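Q: So you can see what is in the structure, the chains are spelled out below.
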Amino acid sequence: MSEKRERLRTLEMPRLRPRPLPPREEVVANQSRHFQTVKLSRGELGHWFHTPLDGGEWSEWGKRARPDAVGMTYMAVTEVCDRPVPEVQAYRRLMHSRFVKPSPRVPENLEERLAPKWGGAREIEEKYEVWIDDAGPLAEEALDRQWRPALSLRWEDMQRLPPPLERAFDQILTWLLQCEYFCSDAVGGYVGRLHYRFVEIKSYLAYEIFDYALHANALRKRLLSNGGGMGAQVEGFDAGLLEVCNEASQGFSGEVPRDFNAVVLAIDVWLNGVMLDLLRLAAAGARSEFDRRLLERVMQDCARHVSWGCKRIGCYLRDAPPEREAAERLHAVADRFEPAQVEGHLLNPRVLEPLALLLGGGPENAAAGWSVLREFWPQIGERWLARLDAVGLNRRDRCQVPTQPPF
Amino acid sequence: MSDFPSVDFFRVLQRRMNDNSDKFRALGFTDSRAVFAVRADDELEDDRYFGAVFEVYDCTEICELEASEVEAYDPDWILEADCADWREMIANIRAEGAADSDHTLNRLSLLGHPFRIHGVDQTRVDVFHRQQLSYQEFFDQAAEG
Chain A
30 MSEKRERLRT
40 LEMPRLRPRP
50 LPPREEVVAN
60 QSRHFQTVKL
70 SRGELGHWFH
80 TPLDGGEWSE
90 WGKRARPDAV
100 GMTYMAVTEV
110 CDRPVPEVQA
120 YRRLMHSRFV
130 KPSPRVPENL
140 EERLAPKWGG
150 AREIEEKYEV
160 WIDDAGPLAE
170 EALDRQWRPA
180 LSLRWEDMQR
190 LPPPLERAFD
200 QILTWLLQCE
210 YFCSDAVGGY
220 VGRLHYRFVE
230 IKSYLAYEIF
240 DYALHANALR
250 KRLLSNGGGM
260 GAQVEGFDAG
270 LLEVCNEASQ
280 GFSGEVPRDF
290 NAVVLAIDVW
300 LNGVMLDLLR
310 LAAAGARSEF
320 DRRLLERVMQ
330 DCARHVSWGC
340 KRIGCYLRDA
350 PPEREAAERL
360 HAVADRFEPA
370 QVEGHLLNPR
380 VLEPLALLLG
390 GGPENAAAGW
400 SVLREFWPQI
410 GERWLARLDA
420 VGLNRRDRCQ
430 VPTQPPF
Chain B
9 MSDFPSVDFF
19 RVLQRRMNDN
29 SDKFRALGFT
39 DSRAVFAVRA
49 DDELEDDRYF
59 GAVFEVYDCT
69 EICELEASEV
79 EAYDPDWILE
89 ADCADWREMI
99 ANIRAEGAAD
109 SDHTLNRLSL
119 LGHPFRIHGV
129 DQTRVDVFHR
139 QQLSYQEFFD
149 QAAEG
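First to last, the sequence lines map onto chains A and B.
FYI, in our numbering the residues of the first sequence are 30 to 436.
FYI, in our numbering the residues of the second sequence are 9 to 153.
FYI, nobody ran anything at the bench for these hints, they're computed from the structure.
None of these values were measured; they are calculated from a predicted model.
C-beta atoms are modelled at their ideal positions from N, C-alpha and C, and glycine is treated no differently.
Each hint should be verified, as a subset may be incorrect.
Computed Cβ-Cβ distance ranges for the label pairs, DEER-style [unchecked claim]:
(1) E63/B x K250/A: 31 to 37 Å
(2) E104/B x R249/A: 40 to 46 Å
(3) D50/B x L253/A: 32 to 38 Å
A few chain B residues that face chain A, going by a derived Cβ cut-off under 7 Å, partial list only [to be verified]:
(4) R47
(5) D50
(6) L119
(7) Q130
Turn these sequences into a full structure, and let the hints guide you.
A: Quick look at the structure:
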């Protein structure tokens, strides 16, 4: 066997050995004697129907939420809910949320076995790690502003572009596509690790991941439908961030804490902030109404991701216990990615050159595009710092994003 | 359509937004306080300020403000330009039926900076970007009639 074949062989999934099964008749007989089958056979409604509506296992009986101006939103439900926001203390049961009472039949010594702390939705269960003020409205905005690439855009109005401009536009979309996939993977692993009582946050994060998939969908369709194609791979767009995200998740294995807020700072506040600013430039330089409208849709979503990130980091800094040293941890995270990210996006020829072409209107007028880029460039770092100022993380003396373009 | 700048001009936009709730519902709900600042230039003697409140799918308030009242109005974002640049944008919307690619709020606030979008808190200014299709549509209502 060749060395390569041997290596592949050792990477194969282990074979599952089938376990001996009991005879089918025995399984059916056991099911017909099962205590639940016996209960069902009596034809009497069970405990769920008889538990007292007040003081029993039922909760929130008699509540009649009414749609608000948007519709039946989280805000409308929260208006009548006994627990409009989650409590500060963590819960050992997964289902012990603001909506479902824990069954008293589950003894405490079983709780940990039913819902272990590690490997599931109890890993991140402290309010200061997850919650934001106005969680409901942001989740509803994400839902209300969702769009459909196939329907929300008039694909029949797409216009052919001169080849150099098509190439420039496609290169920017290719960069953006890579960013979308990266964001999706970086954030995606956390949805299943947040406690259910933060239902608005779990919803919001799911919608954000949906946004990334939706953008990737729309961008791929645009790339393959106007005579262009996939551009050149942008290397280094994830520099610094990949390390931060890997360290934060610790491979999502082992009984170790995950630093969700490091990922929020890196992906939502920083990377989506850069995407938003560069998308604004690309939309301003877009040569057709269709292309502009496509990017404007994506921009709105990026801005919402930035807002979520800022709200989360602001609450983390406000609510985390002092021993977490939240500000210093976040500074250390930003220290790690800032210089590499400047190189990966803001000094990357595969990102800036196509932007200059679009803003100038073509290769013959790229100098005008570079002029716009140089003028705009300092604003990217300034907005990053302004957002951090607003949430209480002042790093103006520490930031490694240049204030002037070095080109 | 009323002359710009005037509170009547913005009230017409307000009425058209509120009369076209289906169009704005399709874009998603809004939630912000804005100030439209019109700077004095050759065409306007003194700066003028107009406050607007956007709630859900409606514009619920339009008012004129004194310069000294802008801070207390507590806007999330301020859209600011010289009067001539405002008028050029509005003329383009009327001529084209909606802002063309050279006259969108995004482009005007980036290239050459005829417009500025700013505020005291960048995280509140970001609300403009989050919901900008609705605010663009608000101004595109100037094309009607």
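Q: With reference to the structure, classify each hint as holding or not holding.
A: Quick rundown of the hints versus the structure:
Remark: the range hint 31 to 37 Å for E63/B to K250/A is upheld by a beta-carbon distance near 35 Å. Against the hinted window of 40 to 46 Å, the Cβ-Cβ separation of E104/B and R249/A comes to about 31 Å, which falls outside the hint. Between D50/B and L253/A the CB atoms are about 50 Å apart, so this pair departs from the stated range of 32 to 38 Å. Hint on R47/B is violated. Least Cβ distance to chain A is approximately 20 Å, over the 7 Å limit.
For D50/B, the shortest C-beta to C-beta distance to chain A is roughly 25 Å, which exceeds 7 Å, and the interface hint is violated. A cut of 7 Å between beta carbons decides the hint on L119/B: the least distance to chain A is about 6 Å, and the hint holds. Using the Cβ-Cβ criterion of 7 Å, the hint placing Q130/B at the interface with chain A is satisfied: the shortest such distance is roughly 4 Å.
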